[in-house]
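Participant: Start from the sequences and build out the full structure, keeping to the hints where you can.
Just so you know, the protein sequences line up as chains C and Y, in that order. Just so you know, we're using my numbering here: the first sequence kicks off at 1 and counts up by one. Just so you know, we're using my numbering here: the second sequence kicks off at 1001 and counts up by one.
Simulated from the structure, these hints should not be mistaken for lab results. Note that the structure is predicted; figures quoted are calculated from it, not measured. Treat each hint with caution, since some may be false.
Unchecked claim - Coverage of chain Y stretches by chain C, computed from C-beta distances (three or more under 8 Å per stretch; other residues unrestricted): (1) 1327–1338; (2) 1353–1366.
Unchecked claim - So these bits of chain Y aren't anywhere near chain C, every CB distance computed over 12 Å: (3) N1369; (4) K1426; (5) V1448; (6) C1525.
Said to hold, decoys possible - Label-pair restraints from in silico Cβ distances: (7) C:Q146 x Y:P1371: 27 to 37 Å; (8) C:T175 x Y:D1016: 54 to 64 Å; (9) C:T120 x Y:T1165: 34 to 44 Å; (10) Y:A1526 x C:R328: 44 to 54 Å; (11) C:R328 x Y:A1282: 18 to 28 Å; (12) C:V87 x Y:A1282: 54 to 64 Å; (13) C:V87 x Y:P1371: 30 to 40 Å; (14) Y:P1371 x C:A142: 29 to 39 Å; (15) Y:G1510 x C:T175: 57 to 67 Å; (16) C:D77 x Y:D1119: 54 to 64 Å; (17) C:E260 x Y:A1282: 40 to 50 Å; (18) Y:L1264 x C:T118: 30 to 40 Å.
For glycine and all other residues, C-beta sits at the position ideal for the given N, C-alpha and C.
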Amino acid sequence: MTDDRCPVILLTGFLGSGKTTLLNRLLRDPALSDSLVIVNEFGDIPLDHLLITHVDENIRLLDTGCVCCTVRGDLIDTLVDLRDRRVRGEIRYSRVFIETSGLVDPAPIFHSFAVDPTLTADWELCAVVTTVDAVNGVATLARHEQAQRQVGLADLVIITKGDIATTEQSGAIETRVDQLNHYAKRILVEQDGLAALLTSPDLRQSFAVPSVAEHGHHHGHGHDHSHPSTICSRSLFLDAPVPQAVVLEWIDLLAALRGENLLRLKALIQTVETPDRPMLVQVVQHVVHPVQQLDAWPDEERRSRIVIIGDDLDLDMIENSFRRHLERAGAVSSVESR
Amino acid sequence: MRSLLVVNGSIQVCDDAGSTVEALAIKNGRIVAAGSAQSARAAIGNDHEVIDLEGKAVMPGLIDAHNHHALGGRAALFETHVPPTASYDELLGYVREAAGKTPPGKWIFGGMFDIGLADRLNSAAALADLDAASEGRPVVLRDMSYHNRWANSAAMAAAGITDETPDPVSGTIARDPATGKATGFLLESACGLADAAMEHQTFDVSTNRKVASHAVSILNQFGITAIQDPLTSKPMAETVAALDREGQLTAWVVTSLIAHEAPLYIPGPIGRELFAIKDQFATEHVRPYFAKILLDGVPMTGTAAMIEPYRASAGFGCCYRGGTTMTLPQLSRLLADIEKAGLAAKMHCAGDAATKLAIDAIEIIRDFNGPSDARHQIAHASLIDGDEIKRMVQLNITAELSPMIWYPNILDEAVSEVLEDAVLAKSYPIADFLAAGLVIAGGSDWPVAPSPDPWIGIETMVTRSDPDGIFPGALRPEQAISALDAMRAFTLYGARAIGLEKEIGSLEVGKAADFVILDQDPATCAADDIADTKVLSTWFGGRKVYER
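Facilitator: This is the structure we're talking about:
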């Protein structure tokens, strides 16, 4: 299946975490010059766009409110307009960044891309990128639940201000982000390869496929009492192919019954029906995104994996519900968890 | 209210121990002592009325866990009764007779006609006959399945049905094959059009009150002092709540607020919208504790959802299993909504596949959401075997029984014709339920069963035979239970199933003084005499509400 939908990258991060600095840096990179930016700023006086240089003609500003609620209609109108102008040959772009206000819960925007028929045909939300500030990040994450959720939802966490942080601060933020979202890719803003990551032809898959051993170690179910948080995560592995309908049904139920507490779920499933072509499933809160079937396994590890990131979710109970659901359906596979 | 001293009787307490006592003391409508005459006398002051039972039997007021009181009251007060055996001409005769008693412009409605007449009724000529018989009064009659209607021209006009009206989703406005004109024969969801018009033009607040009061007075005659209404609309709940606030309601009513779209006309909101206003209906004796889900239909029409196929038939061919009204994820979501609203579900499950679906869905809710106090009910729990019974106990699910129809009779014969013997071998395992520790509750399904008479159900649970002796034999006699347990299915156990065990169900201290005085003790009389038990008087909260 060829997919000519335009990739969208959602850029989140708490106030002052360096989103704009990051955008400026990215847009100066020749590899990303064919990018278009939609900026949302919550408040009367839009300031952030003034800080973005060089790319004026490619910036759209949404300043009627918070992008997650009132402005979602504007965002959709803007995207539809951009699509039309591209079709008419008036503008060219290969990807769109949406920069959200620092206070935003990105989940509702995610839902629009998953289910709004005016968007799903032309756009694909490929990645949620969250900036975290190495100097103040630990404190921000401790104070603001919204900041934790932004990290919980992220596919890629970009650590900013590493150049002015102490070694101690850098270590602390790495640890904290890993605790909140062990499964996200992590990169320093100065690091080479960021542009390459965002322009990769595999952009779609590289973030959607649940990565399970990104940082070489993991924190299991432990708690760090110095940083109480309700964000939690777990990955499940299956040792045998399972019927597609059974797994989808469970995912559907999880989204329907516990969507409020489910930040994200990413699953790569080996089905009984097509064991060589795994099924890719994404859930954000209560919305199950359209299921994709990959042409082949994306990596060496040919076994089903499910990554769950929750907010105040009883992961033992959820894991147990999955085992019992497989049992009830007579599906034969053992479930290993990390 | 004067205190009561009830003495000199054989009083079945219907507690777990199966106690009998000789006296009760009642103060402010509650039982303050149950035991010897001496202890009862000591529990109340001198200012009391004495009821000398002269050796007669007493037991708690009966609880009917499946009683469509408003439909029963309507049928008794307003409906035209047509036996399903009526021929075409007889059917018109009943309408003519009703027209003579119905003021012009008022509706004639009722049931039930033989669905075998369908081809005859679906014609312009028949419609003209019905119009003539009714002399212009709107008419809408049900068939025996409750799924189809026959309406006349005045009823169609009131319902806004014309020859051009398109069929509603999952319904048919039948047309004369020759002329293409609407004949008044309405199938499935199309019934709602005529029912809604009849409802709006016939039932207002005061009529609804009359219906509910009349229904409850009938129930009191049979000794019933508590019911669970199994399919409660907003007007029904409002009516009983209003009656209770005025002190006019003489039975406890637990409502089952309708949870989803169903193939019948329901006035007012349903589902979440109805759950959201449930507290408006809460009074001392009206408890909005349940939501109602219909998971399948009935075996006779092939609408019960079965695990094993029905017998092969001309209509359905081989390997037909029926189906449920929703899928496992749909039901699980609905149940989650119901629990979130602080309700439990009463789930109509006639077939074993429907029962399994219900149990699976509750298991899923527990898996995802953790433990809960919600006590969900399987209504008409009839074809269930060992492992499913165990799961029901584990998940705190209760089994509502329909013993008024579960014995050799015409319905049972109809079920035997459509289901395989191996499936029927699982029928009505009431003794297994009790042995497994499942909470059971008796229900009449009045007016689907023509009478709410609980004594029939108590007898058949003991004998598993036809109380009238017309149909021979016994249905799985090994599943018979004791008379005391059968009585408790309509008292103590029923109270547990409908969530009123703290208030009623046994004559224990602290509970409401709801009791009946009987001409014989059903626990000790001959089993095949239980159905002949006569209620001499019925007491509700220490007040006499019926006397023979």
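Participant: Would you mind marking each hint as holding or not holding in the structure?
Facilitator: Cross-check of the supplied hints:
Coverage of the stretch 1327–1338 of chain Y by chain C holds [criterion: at least 3 residues with CB-CB distance below 8 Å; count 5]. Judged by the Cβ-Cβ criterion of 8 Å, the stretch 1353–1366 of chain Y is covered by chain C as claimed, because 4 of its residues qualify and three suffice. Distance check for N1369 of chain Y against chain C: the nearest CB is about 6 Å away, which does not clear 12 Å, and the non-interface claim fails. At roughly 21 Å from the closest C-beta of chain C, the C-beta of K1426 of chain Y stays outside 12 Å, upholding its exclusion from the interface.
With a least beta-carbon separation of about 33 Å from chain C, V1448 of chain Y lies farther than 12 Å from that chain, consistent with its non-interface assignment. No Cβ of chain C comes within 12 Å of the Cβ of C1525 of chain Y; the nearest lies about 47 Å off, and the non-interface call holds. For Q146 of chain C and P1371 of chain Y, the Cβ-Cβ distance of about 31 Å falls inside the hinted range of 27 to 37 Å, so the restraint holds. Checked against the hint of 54 to 64 Å, the pair T175 of chain C and D1016 of chain Y passes, with Cβ atoms roughly 58 Å apart.
Our hint of 34 to 44 Å for T120 of chain C and T1165 of chain Y holds, since their Cβ atoms are close to 37 Å apart. At about 47 Å, the beta-carbon gap between A1526 of chain Y and R328 of chain C stays in the expected band of 44 to 54 Å. Evaluation of the 18 to 28 Å hint for R328 of chain C and A1282 of chain Y yields a failure: the beta carbon distance comes to about 36 Å. Checked against the hint of 54 to 64 Å, the C-beta distance between V87 of chain C and A1282 of chain Y comes to roughly 59 Å, which is consistent with it.
At about 56 Å, the beta-carbon gap between V87 of chain C and P1371 of chain Y misses the expected band of 30 to 40 Å. Here the CB-CB span from P1371 of chain Y to A142 of chain C is close to 33 Å, well matched to the stated 29 to 39 Å. For G1510 of chain Y and T175 of chain C, the Cβ-Cβ distance of about 59 Å falls inside the hinted range of 57 to 67 Å, so the restraint holds. Checked against the hint of 54 to 64 Å, the pair D77 of chain C and D1119 of chain Y passes, with Cβ atoms roughly 58 Å apart.
Checked against the hint of 40 to 50 Å, the C-beta distance between E260 of chain C and A1282 of chain Y comes to roughly 27 Å, which is inconsistent with it. Between L1264 of chain Y and T118 of chain C the CB atoms are about 38 Å apart, so this pair conforms to the stated range of 30 to 40 Å.
In terms of the numbered hints stated before, the structure departs from hints 3, 11, 13 and 17, listed from lowest to highest.
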